[in-house]
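Novice: Let the hints inform the model, and build the full structure from the sequences given.
Numbering of the sequence shown is given in the working numbering, commencing with residue 1 and proceeding in unit increments.
By construction, these hints were calculated from the structure, which means they are not laboratory data. Some hints could be false.
Stated by the list, open to error - Across the chosen pairs, the derived CB separations fall in these ranges: (1) Pro195 with Ala230: 22 to 30 Å; (2) Asp137 with Pro195: 23 to 31 Å; (3) Ala115 with Glu52: 24 to 32 Å.
Where a beta carbon is used, it is the ideal one built from N, C-alpha and C, also for glycine.
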Amino acid sequence: RGGADVDHFTFRLAGGSLAEDRIARGLHPMIAQRLDLWRLANFDLARLPTVEDVYLYHCVGRENPADERLVALAEVRDLTPVRDGAGRLTALPEPERLLAACLDGIRRFQVQRPANRRLHANRVLLCVWPLLDVPLDELLSLTRTLAPMTVGLGLEDVVIEARLPAPHDGEPRNMALGFSYQPGEGVTLSVEEPPTEPLPTLDEYAQKVLRARRRGNVYPYELVALLTRAGGTFTEYDLDEDDRLVPVQRPFGANSCGIVVGVVRTITDRHPEGMARVALLGDPTRALGAIAEPESVRIMRALDLAEEMQVPVEWLAVSAGAKISMDSGSENMDWISRVLRRLITFTQARGEVNVIVAGINVGAQPYWNAEATMLLHTRGILVMTPDSAMVLTGKQALDYSGGVSAEDNFGIGGYDRIMGPNGQAQYWAEDLAAACEVLFAHYEHTYVVPGERFPRQAPTTDPVDRDVRPYPHPAANSDFRVVGDIFSTQTNPERKKPFDIRTVMRAVGDQDHPPLERWAAMADAESAVVFDAHVGGWPVLMLGIESRAIPRRGFLPADGPDQWTAGTLFPRSSKKVARALNAASGNRPAVVLANLSGFDGSPESLRNLQLEYGAEIGRAVVNFDGPIVFCVVSRYHGGAFVVFSGTLSDTMEVVAVEGSYASVIGGAPAAATVFARDISKRTDADPRVVELEARLDDVDDDERARLRAELA
Numbered sequence: 001r002g003g004a005d006v007d008h009f010t011f012r013l014a015g016g017s018l019a020e021d022r023i024a025r026g027l028h029p030m031i032a033q034r035l036d037l038w039r040l041a042n043f044d045l046a047r048l049p050t051v052e053d054v055y056l057y058h059c060v061g062r063e064n065p066a067d068e069r070l071v072a073l074a075e076v077r078d079l080t081p082v083r084d085g086a087g088r089l090t091a092l093p094e095p096e097r098l099l100a101a102c103l104d105g106i107r108r109f110q111v112q113r114p115a116n117r118r119l120h121a122n123r124v125l126l127c128v129w130p131l132l133d134v135p136l137d138e139l140l141s142l143t144r145t146l147a148p149m150t151v152g153l154g155l156e157d158v159v160i161e162a163r164l165p166a167p168h169d170g171e172p173r174n175m176a177l178g179f180s181y182q183p184g185e186g187v188t189l190s191v192e193e194p195p196t197e198p199l200p201t202l203d204e205y206a207q208k209v210l211r212a213r214r215r216g217n218v219y220p221y222e223l224v225a226l227l228t229r230a231g232g233t234f235t236e237y238d239l240d241e242d243d244r245l246v247p248v249q250r251p252f253g254a255n256s257c258g259i260v261v262g263v264v265r266t267i268t269d270r271h272p273e274g275m276a277r278v279a280l281l282g283d284p285t286r287a288l289g290a291i292a293e294p295e296s297v298r299i300m301r302a303l304d305l306a307e308e309m310q311v312p313v314e315w316l317a318v319s320a321g322a323k324i325s326m327d328s329g330s331e332n333m334d335w336i337s338r339v340l341r342r343l344i345t346f347t348q349a350r351g352e353v354n355v356i357v358a359g360i361n362v363g364a365q366p367y368w369n370a371e372a373t374m375l376l377h378t379r380g381i382l383v384m385t386p387d388s389a390m391v392l393t394g395k396q397a398l399d400y401s402g403g404v405s406a407e408d409n410f411g412i413g414g415y416d417r418i419m420g421p422n423g424q425a426q427y428w429a430e431d432l433a434a435a436c437e438v439l440f441a442h443y444e445h446t447y448v449v450p451g452e453r454f455p456r457q458a459p460t461t462d463p464v465d466r467d468v469r470p471y472p473h474p475a476a477n478s479d480f481r482v483v484g485d486i487f488s489t490q491t492n493p494e495r496k497k498p499f500d501i502r503t504v505m506r507a508v509g510d511q512d513h514p515p516l517e518r519w520a521a522m523a524d525a526e527s528a529v530v531f532d533a534h535v536g537g538w539p540v541l542m543l544g545i546e547s548r549a550i551p552r553r554g555f556l557p558a559d560g561p562d563q564w565t566a567g568t569l570f571p572r573s574s575k576k577v578a579r580a581l582n583a584a585s586g587n588r589p590a591v592v593l594a595n596l597s598g599f600d601g602s603p604e605s606l607r608n609l610q611l612e613y614g615a616e617i618g619r620a621v622v623n624f625d626g627p628i629v630f631c632v633v634s635r636y637h638g639g640a641f642v643v644f645s646g647t648l649s650d651t652m653e654v655v656a657v658e659g660s661y662a663s664v665i666g667g668a669p670a671a672a673t674v675f676a677r678d679i680s681k682r683t684d685a686d687p688r689v690v691e692l693e694a695r696l697d698d699v700d701d702d703e704r705a706r707l708r709a710e711l712a
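Specialist: Structure (structure tokens):
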């Protein structure tokens, strides 16, 4: 009346009298039915202000008042798609408008609360009237482009309830499409029957998951599916009364300390019996993963178990360092030292520990990571994500104590500025799911079944006698179009022209097994390239020396080269080569594709331990347990001749591509230094020189000047 807003109240017969259906307050009963509002029966609802056609509720669990969440609902009446000239889906304007309105309502509510009290497990439900005939892969791709709109809203999922076309021209079916962000996986899609039960309140496990998410971390048991993959198993272990690590049967989330231990088996084509590893998962919900005696004992027992099983350890590490509390003191540092000692003995016995930094690692944990993966003798890898960092002291503590810090923990010990360039982090991954994929790619090249000698041979369709010469060489600023041009006497007769070594390495490796490059971001080490690859189906370490000049980054010292010259090993690239050889020793063969002019001898390189790291290469070759194939593809001379000499290892095979050159020193430097006196003697004894010098005394000044010019 008088243009006033109309509100709705629904009353239902209950116990012989009418009672308001508070769940449907503010909604027409038919809209409430279409939006499945009955699913919120376990919550007390308070409707929040939104734009027209969007319904936003603040839900509080009746049995668990700590369970608070936001639920936004809307109806989609138009599904007209927008496509580009190639027919690709670019937008669904009406659903996107309603989704943005739902998210805007959630955002307005969230910003009114402190950051540590904002709600999680929030949901959006879109009820679609028309038939949803958009292919699901296109819909998922579009949804991923919209994902940034949801950042910081604590959104658990977006559900689209719609009728989908049935296969084989059957009746359309009502289905629920669930779009959710899985920690470490990104946006995923599930297609299920519409739910028939009310939405449950959070149980204890779900509350732990949310508690971890509020801190930007992942609850450890949520990672199990990433490690097992389809068909795999996870057996949790814990200490018994005698402090022995034994299998336990209990629901996820029942761990009693900040470390979860288990044995993971993953089914792969090469390992149908299961690829076994010992897993260590940090629990950020327990004092931010702080370390004391319970955690330390379990870590040591897990290393004992891995040594007994002869399998690798994979450690998804998140820890705030040593536990600091009123009921424990410096004894925690002793327990941390015991773990360090066990890590040292484990890795020196050729044990492998692979670390995924799953969050902020502080204090003791980075030292453990270093002992497990960063030293010259270690075999394990360390993978970082954009959300991870390794710091000795956190930013807040550094600032308080007057130390030098950065804008955040990622500036102190993140991948981009610190751990990637210094080579301590070997791989980068966009999220935890991608990090696990890197780990599995590493295992494809390195995993050895207990009792076997090498990683298993992979099936390959790439012929062993394939000619690499037709392989494209697309490098910029190069005269070569195919790899064969590098070895041609017509296009490269003296083997001095620059080329891209990665292209040659890819040409040599199996074409149906993509290589995995290690230390790709290591600064000042660009002249060495480390691949894990397959040759003839066999996993190998493949080393290459970059054969073109590489511009240097950052400040250029006055006593060093202004670029990384072709075929030259510098201090950090020498360390990279030695580290790679040590990691592959006793595991898989090594293939070295060499265009080597030796080690850089500038003052800068000598100041930066060139002698030490060059000697480490020689030590790595002598100690290498397994076959080494050293192939000269262009030129080979200098000090590198010594550290890669066939006399260093009885299992080294040295070969050369036809037309390659080998010498102790290059021709021009040799002529200018070592053989200068011999060349002068031969020149003076040349009959033409003798004749011209004899005529100098018998001619006038003009003729003498002409003769001297001819002698020069």
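Novice: Work down the list of hints and note, for each, if the structure agrees.
Specialist: Results for each hint:
{"no.": "1", "hint": "Pro195 with Ala230: 22 to 30 Å", "result": "holds (25 Å)"}
{"no.": "2", "hint": "Asp137 with Pro195: 23 to 31 Å", "result": "holds (24 Å)"}
{"no.": "3", "hint": "Ala115 with Glu52: 24 to 32 Å", "result": "holds (30 Å)"}
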